[in-house]
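Trainee: This is what each chain is made of:
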Amino acid sequence: MKTGARILVEGLQREGVETLFGYPGGVVLPIYDELYDSSLRHILVRHEQAAAHAADGFARASGRVGVCLATSGPGACNLVTGIATAYMDSVPVVALTGQVPTSLLGNDAFQESDITGITLPITKHNYLVKRTEDLGHVLREAFYIAGTGRKGPVLIDIPKDVSTRPIEYEFPESEPVTLRGYQPTIRGHAKQIDKAIEMIFDAERPLIYAGGGVIASDASAELLSLVETLGIPITTTLMGLGAVPCDHPLNLGMLGMHGTRSANYAVTESDLLIAIGARFDDRVTGKLDTFASQAKIIHIDIDPAEIGKNKKVDIPIVGDTKSVLQDMLAKIRKKKEYDRWLTRIRGWKEKHPLTYRRDGVLRPQFVVEQLSELLNGEGIIVSEVGQNQMWTAQYFCFRKPRTWITSGGLGTMGYGFPAAMGAHFACPDQVVFDIAGDGSFQMNIQELSTVATNNIPVKVAILNNRFLGMVRQWQELFHDRRYSFTELPPVDFVKIANAYGVDGIRVESVDDVVPALRAAVETDGPFVLDFRVEREENVFPMVPAGAAINEMIGGNYE
Amino acid sequence: MKAHTLSVLVENRAGVLSRVSGLFSRRGFNIESLAVGICEEPGMSRITIVCIGDDAQIEQVMKQLNKLIDVVKVSDITENERVERELALIKVAADPGTGRAEVMQLATIFRAQIIDVGAKTVTLSVAGDTEKIDALEKLLRQYGVKELVRTGKIAMLRGAKTVKSAK
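Line order of the protein sequences matches chains U and H.
Taking the numbering used here, I'd label the letters of the first sequence as residues 1 to 558.
Taking the numbering used here, I'd label the letters of the second sequence as residues 1 to 167.
Just chain U, same shape as in the assembly (with noise of 0.2 Å):
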């Protein structure tokens, strides 16, 4: 006889799980009594938004399925964040929240929400499971749907006395799960492949625009390859950031609101616009009439609801990334050169590179930017949202997949240092960077408490303005500069640190940052750096919102 809970923990070890993220509460004594002897390891979070988070910073990090356990009620509602977070991103995740037992469901009971309502609209799916004998084989589908088409996090609620109740159980032999409402198209259509090689030789100014659905189906190399076999320039989204490496000659860098003038220039001016795993989000597109209008767009993306979706699309591929871009290497067999093309977009690059003020003042581009050169392409970067978002993906140079990680859809502030430790058990072998503003951090920050007491080497580097950066910049840009609630009084982060048994540092000078920041790599555990900033530095260049992408302002510094 196996009870509901041992038969979860036996099906999340049979799924590959080793380690979890969560938070104990009443209805999930019982799962939590099969976790304390059970091999898997369980980390114990100080807030189950934590626990989300990093379930998903380790998806992200690994390709492989996040895990985070909540209670039912308060704990369940404490995940959803998480769960949104996921969700925008298309990240695999299993949330597994207890409730109250089925007699009680709908009763108003103490702690009880009903949870799969809650997360009706941002999941891929969710299970209420009211029978302990359906439990096995729902983990099972949960799994095969969190992990495969376009990924998301699936939520599975377990009364109490499901998982209490003993049964006569066996683990099915491991046949593929099939359902009959989920058959995700992999192979893209051989007809619009072939349809679309000719029309990327029909162009003569081609541009792959390429987002996180590369990095999410693994499919870097046949990007690259692509992009090397085409000779074809390239620009990526925020999630798509180190599906090519940043300094590839052909990598126009990041487009949109905070993107590279040339990238979007490219855009503007191309007349065959490459989609690849990306979706038109308004903060790549700008005013979306202008976007690539002059263009014509073939759209490679697993989801078929997103092809059409915002944009009119010539050449619609449904299918796998990874996939689709083999099928289409294998096809092309000639070279194009587009030599005229190539020269105006190099001159772009030249004439408007990323730059800010090197005038001696401590400035967070700065802090990244020497972060990116004592990495050098190594390490797993893990950011917070706003301004410290952006100035990383700016000014660090990403060489390699699943090397950054970031909330981008939901922009999520206090997702990064959770984020960052399940990024840290995805790749223990890695250095793990948080880059936070004193803002985000202090969404997250009792998870010091978590990395102090499990030794979690996660490093976070406050760029600290003492201020909601983002929203302070638009304040400055579109309020005339009236400051409404963005100011935050002066935090001493080292002490905080401290207190919770972690190590840090303050720095307030230039000459501070590269040996701080080596203090913090040499450190075996977590550190915190407290880069004192220019408080009113901005993100420049900037597409002002509604506004056409070429039509950016700043950063122009001589």
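If you're looking for bench data, these hints aren't it; they were derived computationally from the structure.
Using N, Cα and C, we set each Cβ at its ideal position, and we do this for glycine too.
Honestly, I wouldn't trust all of these hints.
[To be verified] Reference listing, derived: stretches of chain H covered by chain U, where coverage requires no fewer than 3 residues with Cβ under 8 Å from a Cβ of chain U: (1) 47-61; (2) 69-75; (3) 124-131.
Fit chain H to the given chain U structure using the hints.
Mentor: Quick look at chain H alone, frame taken from chain U:
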């Protein structure tokens, strides 16, 4: 913008209706009518949805519906030859006398059935397409409609064609 009739085959599971209807509301799509019931395939239900939108919106509705794990098949049958039915129950004020006779005459013309007769009311059951029910309702208004209940529209392709699984 025009009305589209979607035939949606779903797994007959708890919560499937809220998944489908929730998707419409959160993505800003309008449902004109919705009818749901079990169907010929074991374990499945069929939902007939009438919604209004331009072609791009309807395409997006269908793609989003298809993404739901419990949705097995989505078909837009608007352009196909099809039969459609709605059912309405209409309680009409009908004092014994001329009014009542006229109401009963109308029922005959519209092939509605009288399913209940009270001291001051008669209740009609009428099935047909939307226009027919609208027309009858309009005519009955002059006698005083006490209560009206309408189902959503259900629809089916004509001939041998069917809306089957295999998504």
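Trainee: For each hint, tell me whether it holds in the structure or not.
Mentor: These are the hints, each one checked on the structure:
1. Evaluation of the coverage hint for the segment 47-61 of chain H: fulfilled, as 3 residues show C-beta separations to chain U shorter than 8 Å, against a requirement of three.
2. Coverage of a stretch by a chain is defined here by at least three residues with a beta carbon nearer than 8 Å to that chain's beta carbons; for the segment 69-75 of chain H and chain U the count is 4, and the condition holds.
3. Counting residues of the segment 124-131 of chain H whose beta-carbon sits less than 8 Å from any beta-carbon of chain U gives 0, not enough to reach three: the coverage restraint is violated.
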